[in-house]
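Engineer: Each chain, written out:
Protein chains: 6
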Amino acid sequence: MTDSVFMAEITWPEFDAKTRAKVPFFLPVGATEQHGPHLPLGVDVYLPTHVAAKVAAEVGGLVAPTIPYGYKSQPRSGGGQAFPGTTSLAAHTLSLVVRDVVHDLGLHGVRRFVIVNGHFENTWPIIEGLDLAIRELRRDGIDDVTAMRLEYWDFVHRQTLDRLFPEGFPGTDLEHASLLETSMMLVVRPDLVDMEKVPSDGPARFPTYDRTPVPPGMVPASGVLARAQGSTAEKGQWLIDDHVSLIAAAVRREFGL
Amino acid sequence: MTDSVFMAEITWPEFDAKTRAKVPFFLPVGATEQHGPHLPLGVDVYLPTHVAAKVAAEVGGLVAPTIPYGYKSQPRSGGGQAFPGTTSLAAHTLSLVVRDVVHDLGLHGVRRFVIVNGHFENTWPIIEGLDLAIRELRRDGIDDVTAMRLEYWDFVHRQTLDRLFPEGFPGTDLEHASLLETSMMLVVRPDLVDMEKVPSDGPARFPTYDRTPVPPGMVPASGVLARAQGSTAEKGQWLIDDHVSLIAAAVRREFGL
Amino acid sequence: MTDSVFMAEITWPEFDAKTRAKVPFFLPVGATEQHGPHLPLGVDVYLPTHVAAKVAAEVGGLVAPTIPYGYKSQPRSGGGQAFPGTTSLAAHTLSLVVRDVVHDLGLHGVRRFVIVNGHFENTWPIIEGLDLAIRELRRDGIDDVTAMRLEYWDFVHRQTLDRLFPEGFPGTDLEHASLLETSMMLVVRPDLVDMEKVPSDGPARFPTYDRTPVPPGMVPASGVLARAQGSTAEKGQWLIDDHVSLIAAAVRREFGL
Amino acid sequence: MTDSVFMAEITWPEFDAKTRAKVPFFLPVGATEQHGPHLPLGVDVYLPTHVAAKVAAEVGGLVAPTIPYGYKSQPRSGGGQAFPGTTSLAAHTLSLVVRDVVHDLGLHGVRRFVIVNGHFENTWPIIEGLDLAIRELRRDGIDDVTAMRLEYWDFVHRQTLDRLFPEGFPGTDLEHASLLETSMMLVVRPDLVDMEKVPSDGPARFPTYDRTPVPPGMVPASGVLARAQGSTAEKGQWLIDDHVSLIAAAVRREFGL
Amino acid sequence: MTDSVFMAEITWPEFDAKTRAKVPFFLPVGATEQHGPHLPLGVDVYLPTHVAAKVAAEVGGLVAPTIPYGYKSQPRSGGGQAFPGTTSLAAHTLSLVVRDVVHDLGLHGVRRFVIVNGHFENTWPIIEGLDLAIRELRRDGIDDVTAMRLEYWDFVHRQTLDRLFPEGFPGTDLEHASLLETSMMLVVRPDLVDMEKVPSDGPARFPTYDRTPVPPGMVPASGVLARAQGSTAEKGQWLIDDHVSLIAAAVRREFGL
Amino acid sequence: MTDSVFMAEITWPEFDAKTRAKVPFFLPVGATEQHGPHLPLGVDVYLPTHVAAKVAAEVGGLVAPTIPYGYKSQPRSGGGQAFPGTTSLAAHTLSLVVRDVVHDLGLHGVRRFVIVNGHFENTWPIIEGLDLAIRELRRDGIDDVTAMRLEYWDFVHRQTLDRLFPEGFPGTDLEHASLLETSMMLVVRPDLVDMEKVPSDGPARFPTYDRTPVPPGMVPASGVLARAQGSTAEKGQWLIDDHVSLIAAAVRREFGL
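Chains as they are written, first to last, in this note's numbering: chain A, 898 to 1154; chain B, 898 to 1154; chain C, 898 to 1154; chain D, 898 to 1154; chain E, 898 to 1154; chain F, 898 to 1154.
Derived from the structure by calculation, the hints contain no laboratory data.
Please note: incorrect hints may appear among the correct ones.
If chains are identical, the list can't say which one is meant, so a pair holds when it fits in one copy or spans any two.
Capping the alpha-carbon separation at 35 Å, the derived lysine-lysine pairs in DSBU-like fashion look like this [what the hints assert, rightly or not]:
no. : residue 1 : residue 2
1   : K1094     : K919
2   : K951      : K919
3   : K1132     : K1094
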């Protein structure tokens, strides 16, 4: 029991011991969002939780329960709120959740945070929530908190992307429910991937601005923004290996572990 | 894949089909809270999720991702916020989360909700969040939503309690990390229960009022409010069977299933 | 003038003297809610104010103005919001009111609070409001506040209930506009009780869950959840005597008075 | 019982009958604020409640429970928050209270509102709260609400002021705890007025701007901003007569009563 | 460059030098509101910005960017929200803006604030926002802030009003888009004044209370509440001279400059 | 007067005529933020206002007053909040401002919005504020609003970037107070640019994550993240021409102008 990296799986005395040992705490922030006809709604929960757990295991940290609902999906990055199943929080709500969780953990003695974002649209509500928590903790007399905040997909070797996209990486913008996420899901939860349902109505061609309401046809009907064809577990493992090793290295560097 | 009851495990077209079929949606609301030295911090997530999934399987419903952080633990019902690991949301935050999730599901066509509370202190923030969602949906032109809101532990046969407590049921108030929860955890996540660590510093004797700050000695140091000795998987199964069958019956009755 | 226990009836120098003397401050929190055809909408204001004033007189305290609007009435405990006249605050609003009042009193030097709840549904918004106030006061450098928070009806001798309900106490859940409240109103404001209008459409038989919208017939049409027949001023006096003496004893014990 | 103008004193069927009859509802908004060494903290509750009740009796209306806590006292109009006993709400809190109360009454069928302000600083939070309520009611399909919002002291004949201030009316700005309020309190609650404690450290001489923090000496130490000497019940009656008759006339005119 | 009084026009090292020198910071708060057919929507931005800049130049201060949206226009003071172009913030929003700006400036070392209101309806949301900022700064350990808060139009010599209104000053209440504002605009932005469009449908005759919805005919159709005829740049200069010199004198006095 | 594109400079009847003509409304959202020792704090106000005005002139639109305070500066994109002069709003505050302004304009009949962001960190609070406004307008019965939301710097020809950065465009991430902004300021407000103060302590080398608190040395001491050397008005004009022509083209396309 005590060797679990998941905070939910340990007792309070075990939590207390870890906190006193100043281990880093990972807080994955996910989403419940459409990911095409071949991937489940929970992709943005499974992936950051998996990565965070692997990193935590490497550096001796703990993973707080993943926040399973994220900020509103945007058409240009996740297809938008109109897709059935995409279930989201207002920005203020998500910021308050992050604020409350980080604040409470800080009151319990956690001093090293790694917020692991798994849903592009979460970035800014997390930034705000974390900032609010840090300010409140300071007012509570706790001013020695250090926090990293990251998107896990930013931790990848250039060479890996070159191997994955020999014709050039199209950019993370369109990588929703596409090659990267599909490949990683083939590692993390292959039982939830149906490669036969991979659509071919992408890639999306978005304008350089948001448009409300979303014009018909702007977002591919499948919800897959780029291409998921060619996804394999092998490629997924390359990515996960990069994410885990690079984040772990950054965590060790920041916290002197 | 498509036979999963977990919304996170299905695709958006599958979600859409279920929604159009007007299946009931279960939203478990949990907590991350101390449960003594023998139970993990995630008890209030594991138990309502388990019950909701069983009921959903029986009645053909879906389970939305469990909200893993709940309202602030109170000394008289959960030991209070001072216990290491108890990580909670402000009442307003939790209400907003429930509001946003129910509202978004309603916009997607969900019309039958069952909010399954797994943490005593959540009751009222859930009531408020649900009320806010229903009001907003009505303003959005959606006025045919029906919602049940329940504490799963209220669904138990009198006889079961008599079998469990031959000397008389002490009441749910003190049943935190005690016989009921421990027994059910021996069914749901036995790997996370350490019966050897069951403490014996209870039961708590609380006054008939809240007192802030909590006086030293009021809450048992272990965090277990009543007694966990004698917990067995068999007893846990009795409870789960009651919870599942009685909730399923109520759901069928309310929704004419 | 100076012997009034009501803060509203004394001057600021008198308030200041009492505050410096560290007397306990009572804050009754009421509601404006239907109480059947025989009781007025203000029952939940009159009763906790009366009890608080009696206790304050006994222990030398002051009673702050009663908050006259409470949290939304629930069908299973107060009939629900649909009853004409039931006029309520959102949970967040009520919590903010409690927060602001306690915070301001704390800034003025009040260090001993007794929040006297007179409306079942208020419990949790009060808990949150009080917690917010205590946290803010601490940030303002005031960390020596002690607060009791109670439902006045919990302070009753077992024997009294036995005398009142020789056939067994049905529980406080259904005691809305019923024997207890009616009897006490016959003491506190007999001019506002019309025993001839006492209905007989109860008691309510509620399921073990909330249901939105409220199904027709679930709540007795009168708004009286149990039975009010047999209410007398004598019985009301028994209750009030219990409430006052037991709360006074608890206050004295907590504050060493 | 049924002839009470106070909503708190009537039953829900009586409330319902009045509402269906479209009688005007008066909502007094008060404060708990220092009023010098000779007047109690509740002046701003007693006076608007009294006026509202008299007007309601004249025009056949009902008076909702007075909101007993108001917006933060300002040095130039009420002495400021530093005076012991002055216990106030944040602007947002007060606006939410007004919003919730008006909104709920509107849902119950009230269509004619008269918000009677009894505390200068409340004006703008009331304006906002009323506006929010009207907007929400409109979204709920209720668009035929009419509301008056007033400061009761604005309803006075020029001649009355001339009689009261033969040397010229100094303006309402400084009339805090001074001649007008003291005289009216001698009518409404003479038992709470101690004319022997009337101070003579005023009138205040304020600059034409707010200054934070309040400079020492700016506000008279007594909290009385102008002069209370010469206050009599007779003068108070002149004022109350004006307030009642002029407000009643305006109410009749607006609502065609 | 460095001699600009506008914070927006200087660099951060210049800002830093000024802050360290403890110069007063002026924060104009304006509005975007109808001002009749002869004045532009930006009057309440142009005028306080102009006055603040002149005062800042005299006393060696800096002017923060003017908040260009103010609180909701009221019928009796600005014609009300129904006039096309009147674009406003909720009270809570405006208070939060003022809170955030003052708080951030305080964190950067500003210790002397002069909030210059240019829109009557802003007064109370500014009061609240400033109070919130001061409280938060104190919690952040900054307790030596001094702030003045003023309406610029209150700084005028009696003689000037007598010269402007030989038949008696009608009071600031109706002075919306009328003689004072029109005359000053003829100084500050004469290119935006069209004296040929000055209407003659005023002055408004308002009751002594607010009325929602606004009855037809209550507000002059032009949006000009009093009279703008006779406005001249000369008169405007008298006013501006008074405003600038009197505010500058007050600022010098308060801050010992 | 009537040919001004600035809403602040026109009268309400002119605004009304434009609104009825369904012209697009531009809402620039800026910031008050450090931009190195050579650029003023108002850069993020001047540039989007200038671009919006030029586009509005081309397409016959109106420009609402620029929101002059933006979301908190982040170390990796703007140097962070610690730089003197950077004065920002909380995310919720900014979202509420955008919500209120768009909502009010919508109530006045505006149906075509173009939100022009001039500060990278504003993107997501604007997205939320716009979404809230659209939802509220829909509840108010207004469901035919179309809105574009854009960062002006995204509208640039590839060739222009190639001309500006012959050695390769380093990406917009570091382009804070650097070549692009400096060059454009040399067009828009050359009087506020001091090329002699252009620093050479960049470019910043940021990790792929946020780190709180900001480690010493991470952000260049000057606040300039990349390089500003080589900035010229000519280059600035290339950029502005691109921004204006490409945004105008998009606006025409979306609105069929």
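Engineer: Please name the hints from earlier in the document that this structure breaks, with their numbers sorted from lowest to highest.
Structural biologist: Hints that this structure does not satisfy do not exist here, as all of them hold.
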